[in-house]
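Colleague: Based on the provided sequences and hints, a complete structural model is requested.
So the chains spell out like this:
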Amino acid sequence: MSGLKSWREIPIGCKTTSPGSTVRIKTGTWRDFRPVVNWEKCTKCMLCYIYCPDGTIFPESSYVDYDHCKGCGICAKECPVKVITMVEEVI
Amino acid sequence: MKTERLPLPTNYAVAYAAKSCDVDVVAAYPITPQSDIVERIAQFIADGELNAEYIPVESEHSALSACIGASAAGARAFTATCSQGLALMHECLFIASGCRLPIVMCVSCRTLSTPINIHTDYQDSMSSRDCGWVQIYVSSAQEGYDSVIQGYKLAELDEILIPVMVCYDGYVLSHTYEPVIVHSDKDVLAFAPKNVKRVLNPDEPVTLGVFCLPNYEYEFKYQLIDALSKVPNALKIVDKEFGEYFGRSYGLYECYRMDDAEYVLATMGAVASTARVAIDELRQEGLKVGLFRPRLFRPCPSDEWRDILSKFELVTVIDRSISFGSVAGPLLFEILGVFMNERERPMFTNFIAGIGGRDVTVNDIKSMFRRSLEAYREKRSVRSCEYYGVRW
Ligand code: SF4
Ligand code: SF4
Numbered sequence: 001m002s003g004l005k006s007w008r009e010i011p012i013g014c015k016t017t018s019p020g021s022t023v024r025i026k027t028g029t030w031r032d033f034r035p036v037v038n039w040e041k042c043t044k045c046m047l048c049y050i051y052c053p054d055g056t057i058f059p060e061s062s063y064v065d066y067d068h069c070k071g072c073g074i075c076a077k078e079c080p081v082k083v084i085t086m087v088e089e090v091i
Numbered sequence: 001m002k003t004e005r006l007p008l009p010t011n012y013a014v015a016y017a018a019k020s021c022d023v024d025v026v027a028a029y030p031i032t033p034q035s036d037i038v039e040r041i042a043q044f045i046a047d048g049e050l051n052a053e054y055i056p057v058e059s060e061h062s063a064l065s066a067c068i069g070a071s072a073a074g075a076r077a078f079t080a081t082c083s084q085g086l087a088l089m090h091e092c093l094f095i096a097s098g099c100r101l102p103i104v105m106c107v108s109c110r111t112l113s114t115p116i117n118i119h120t121d122y123q124d125s126m127s128s129r130d131c132g133w134v135q136i137y138v139s140s141a142q143e144g145y146d147s148v149i150q151g152y153k154l155a156e157l158d159e160i161l162i163p164v165m166v167c168y169d170g171y172v173l174s175h176t177y178e179p180v181i182v183h184s185d186k187d188v189l190a191f192a193p194k195n196v197k198r199v200l201n202p203d204e205p206v207t208l209g210v211f212c213l214p215n216y217e218y219e220f221k222y223q224l225i226d227a228l229s230k231v232p233n234a235l236k237i238v239d240k241e242f243g244e245y246f247g248r249s250y251g252l253y254e255c256y257r258m259d260d261a262e263y264v265l266a267t268m269g270a271v272a273s274t275a276r277v278a279i280d281e282l283r284q285e286g287l288k289v290g291l292f293r294p295r296l297f298r299p300c301p302s303d304e305w306r307d308i309l310s311k312f313e314l315v316t317v318i319d320r321s322i323s324f325g326s327v328a329g330p331l332l333f334e335i336l337g338v339f340m341n342e343r344e345r346p347m348f349t350n351f352i353a354g355i356g357g358r359d360v361t362v363n364d365i366k367s368m369f370r371r372s373l374e375a376y377r378e379k380r381s382v383r384s385c386e387y388y389g390v391r392w
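Residue numbers (my numbering), protein chains in the order written: chain A, 1 to 91; chain B, 1 to 392.
Calculated from the structure, these hints are not laboratory results. The structure presented is a predicted model; accordingly, all values stated were derived computationally and were not measured.
Part of the chain A face toward chain B, derived, beta carbon under 10 Å:
no.: 1; residue: Leu4
no.: 2; residue: Ser6
no.: 3; residue: Ile12
Covered stretches of chain B, as calculated for chain A (at least 3 residues, CB under 8 Å):
no.: 4; region: 92-100
no.: 5; region: 198-207
no.: 6; region: 210-216
no.: 7; region: 221-227
C-beta atoms are modelled at their ideal positions from N, C-alpha and C, and glycine is treated no differently.
Modeller: Written as structure tokens, this is what we have:
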């Protein structure tokens, strides 16, 4: 853990002063299943975009932010044309 | 200095203290035997004697959450609860101490369900002892009043910033009228001027209670451990200043007839008051017993406790709460812990008594002490803990 700050150097009371710092914390590794989208068949209805609790699926640019998607499967459940498959993550 | 001597139960006494500390936000949910603390405060606000925001929330979880938000925004926040209410607050207790917010909360201690019972024991507050709050156990209405005022002064110190719980026996103390010396709001505020930092400020935005990974969690927790370690000394100073200002002080613990004592009875709160009488009677029989009443329970002032108790051979500890599945009660364990690295230590006996509001009489205390003394004299090993008075 070298290079990390000591308990004396961090702010009191678990606060951070840099907005948007969550972007730097890659929580995608917590995922058990990954949404894999068949973008060819996607109708760009945007329902997955609206339902995704993490804001990590972007149909317009045919892109999933796998660094932050937690694999909840809501997008797959909501997609009206069923083009999202949840695939188990294997290390 | 303007003072009044009023007949008040502890619940009203602490309400007067909160009013005189000019609390800005009070958020609470009614629960017996706490309710009349916040009812009295609501009355102060309705009568124009206190200018505060009163938030009648839908649960204790929300009560403490509202206080957390208010305190972070720079308000002096107050709440009160007990029993199931304190249990419902449990996760927020850690958030308040983790965010280092100087909230003061009164707990009119009551047992926990089930079975459901509105009477006292310390099951509720003792179950919250590991939440990173300061816990002060008082044994009179006056001490309750004084401890709320001391609590704000202590909690808001720059080097402390830890929430404070003032605990006392429900009904036995919360509803029993005693003469209480009440000071003017002006004098109380002069002693404990507001020093709440405005952590949430639109001009300097921060995220409070951040997400944290294993690489930093421990360091944040250690900050709280370090701040807690400064509490005994800080409270000693606050209490001394309080004494110089108002003429009453308590220290971190009370010692009654300990100077020439051979044996010690250790207990807290209302039982300690009864123990004083029991000790006077035991002394008439020639048994030199003294009382050790911890007032600051968390953080444990370990050096002080060890210095006091190491001189004795027998310490009888009466616990008013059960630590289920453990070998003894919480007070015994806290006291035993301070002797961790000592080869020589007193013999300890432990009695659980006063559960669910059952009376602990002078005779009960004398009988617990006698059983303890008998075991000591016969050099007999005793059961680690005796559930005194339970029917067989
Ligand atoms: S699996 Fe869940 S988190 Fe990931 S993109 Fe779909 S809805 Fe969002
Ligand atoms: S819900 Fe399905 S069809 Fe609609 S945008 Fe998302 S992936 Fe495409």
